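Guided by the hints, dock chain V onto chain H, whose structure is given.
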Amino acid sequence: GAVVSQHPSRVICKSGTSVKIECRSLDFQATTMFWYRQFPKKSLMLMATSNEGSKATYEQGVEKDKFLINHASLTLSTLTVTSAHPEDSSFYICSASTGWTAHQPQHFGDGTRLSIL
Amino acid sequence: SQQGEEDPQALSIQEGENATMNCSYKTSINNLQWYRQNSGRGLVHLILIRSNEREKHSGRLRVTLDTSKKSSSLLITASRAADTASYFCATVSPNTGNQFYFGTGTSLTVIP
Numbered sequence: 001g002a003v004v005s006q007h008p009s010r011v012i013c014k015s016g017t018s019v020k021i022e023c024r025s026l027d028f029q030a031t032t033m034f035w036y037r038q039f040p041k042k043s044l045m046l047m048a049t050s051n052e053g054s055k056a057t058y059e060q061g062v063e064k065d066k067f068l069i070n071h072a073s074l075t076l077s078t079l080t081v082t083s084a085h086p087e088d089s090s091f092y093i094c095s096a097s098t099g100w101t102a103h104q105p106q107h108f109g110d111g112t113r114l115s116i117l
Numbered sequence: 118s119q120q121g122e123e124d125p126q127a128l129s130i131q132e133g134e135n136a137t138m139n140c141s142y143k144t145s146i147n148n149l150q151w152y153r154q155n156s157g158r159g160l161v162h163l164i165l166i167r168s169n170e171r172e173k174h175s176g177r178l179r180v181t182l183d184t185s186k187k188s189s190s191l192l193i194t195a196s197r198a199a200d201t202a203s204y205f206c207a208t209v210s211p212n213t214g215n216q217f218y219f220g221t222g223t224s225l226t227v228i229p
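Residue numbers (my numbering), protein chains in the order written: chain H, 1 to 117; chain V, 118 to 229.
Only chain V is shown next, with the shape it has when bound in the complex:
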């Protein structure tokens, strides 16, 4: 399976704390993207990091990519209750054309 894995599967933190989620994947990639999904809704794109990039920032989000370890992390700083959602990484591989393959997801709960 080309699907990646994320850990932890579930994470519960207090508002104001930082949340870190990790994603591991199996094949070489063109890019890796992080998405957010609120319960029962579609996915919202958060950030895209290319295979030749190591770190990227967007507001309170920080993404790192280590292609040698085939892993990525998403850090959400100063979390808010509204950040409660599931977070997925998705990879695009040169071996599989245009398709996305999603990780297993991390369910984040931010307690007010």
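Isolated chain H (complex conformation):
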């Protein structure tokens, strides 16, 4: 149980393109989803917390107009990297939680490798 599907797994596109990444909880309802960014051989940096039906909460330093997050249902959150540039190239990972993470683990997708040419 608690499977999170992230799609696509890899994207290669030209500079200026907008890229949408989907994160779905397949067998549970995720009240909260999280988006992380990971640089090579580095830890995960929390970008934003997404709650169904409300605006995402962004971490300090993350541009909300650059990284658009939509959490339209209890099973789907999307991250759109708008007008992507080479510096946006990274590994993006989503996770979902069934409840308050003070008591619950997070369930992670397999990540999306984004490469901007």
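It is worth saying that the hints were derived from the structure and are not from the lab. Predicted, not measured: the structure shown is a model, and the values here were computed from it. Idealized CB from N, CA, C, for every residue including glycine. Mixed in with the good hints, there may be bad ones.
Derived CB-CB ranges, DEER-like [as the list claims (entries may be wrong)]:
1. 89(H) x 197(V): 26 to 36 angstroms
2. 155(V) x 26(H): 18 to 28 angstroms
3. 29(H) x 157(V): 27 to 37 angstroms
4. 132(V) x 51(H): 16 to 26 angstroms
5. 126(V) x 53(H): 37 to 47 angstroms
From chain V, some residues computed to sit far from chain H (all C-beta separations above 10 angstroms) [stated by the list, open to error]:
6. 130
7. 139
8. 143
9. 165
10. 170
11. 171
12. 186
13. 190
14. 197
15. 200
16. 220
17. 228
Only chain V this time, still in chain H's reference frame:
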């Protein structure tokens, strides 16, 4: 930064040996969790230890927590080549709501 630190950054051991990784964090916590990440993949939850717990076991995994020192350790006993991965601790703090903050990670290589 609320991010924790782990040491060692990299660890290489022979199959069958034990592997110990340490995590230090900065703020008070609700719980601390350990995750595993295979190269280029998402993270897999290993074990959760609450702030009022001191030790927890799961199979070949043993986690300890010392809140006075703001540190935790993950011990993998009788390691296998398949244990090769990066291991991260993550903390949930009452001060930051629902968010996780990950440590810097330990890259473990188990040599067959």
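Status of each hint after checking the structure:
1. With their beta carbons about 34 angstroms apart, residue 89(H) and residue 197(V) fall inside the hinted range of 26 to 36 angstroms.
2. The hinted window of 18 to 28 angstroms between residue 155(V) and residue 26(H) holds, with their beta carbons roughly 20 angstroms apart.
3. One distance hint, 27 to 37 angstroms for the beta-carbon pair residue 29(H) and residue 157(V), holds here, with the actual separation near 28 angstroms.
4. Distance hint for residue 132(V) and residue 51(H): a CB-CB separation of about 44 angstroms, inconsistent with the stated range 16 to 26 angstroms.
5. Distance hint for residue 126(V) and residue 53(H): a CB-CB separation of about 40 angstroms, consistent with the stated range 37 to 47 angstroms.
6. With a least CB separation of 19 angstroms from chain H, residue 130(V) remains clear of the 10 angstroms interface cut-off, as annotated.
7. In this structure residue 139(V) is separated from chain H by more than 10 angstroms, as the shortest Cβ-Cβ distance comes to about 15 angstroms.
8. Under the 10 angstroms C-beta cut-off, the non-interface status given to residue 143(V) relative to chain H holds; the minimum distance is some 14 angstroms.
9. Distance check for residue 165(V) against chain H: the nearest CB is about 6 angstroms away, which does not clear 10 angstroms, and the non-interface claim fails.
10. Taking the minimum C-beta to C-beta distance to chain H, about 13 angstroms, the non-interface status of residue 170(V) holds against the 10 angstroms cut.
11. Non-interface status of residue 171(V) relative to chain H is upheld: no Cβ of that chain comes within 10 angstroms, the nearest being about 18 angstroms off.
12. The Cβ of residue 186(V) sits about 21 angstroms from the closest Cβ of chain H, beyond the 10 angstroms cut-off, so the non-interface label holds.
13. No Cβ of chain H comes within 10 angstroms of the Cβ of residue 190(V); the nearest lies about 18 angstroms off, and the non-interface call holds.
14. At roughly 22 angstroms, the least C-beta separation between residue 197(V) and chain H is larger than 10 angstroms, which holds for a residue marked as non-interface.
15. Distance check for residue 200(V) against chain H: the nearest CB is about 18 angstroms away, which clears 10 angstroms, and the non-interface claim stands.
16. The claim that residue 220(V) is not at the interface with chain H is violated, since a C-beta of that chain comes within 10 angstroms of its own (minimum 6 angstroms).
17. For residue 228(V), the non-interface assignment is confirmed: its Cβ lies about 20 angstroms from the closest Cβ of chain H, beyond the 10 angstroms cut-off.
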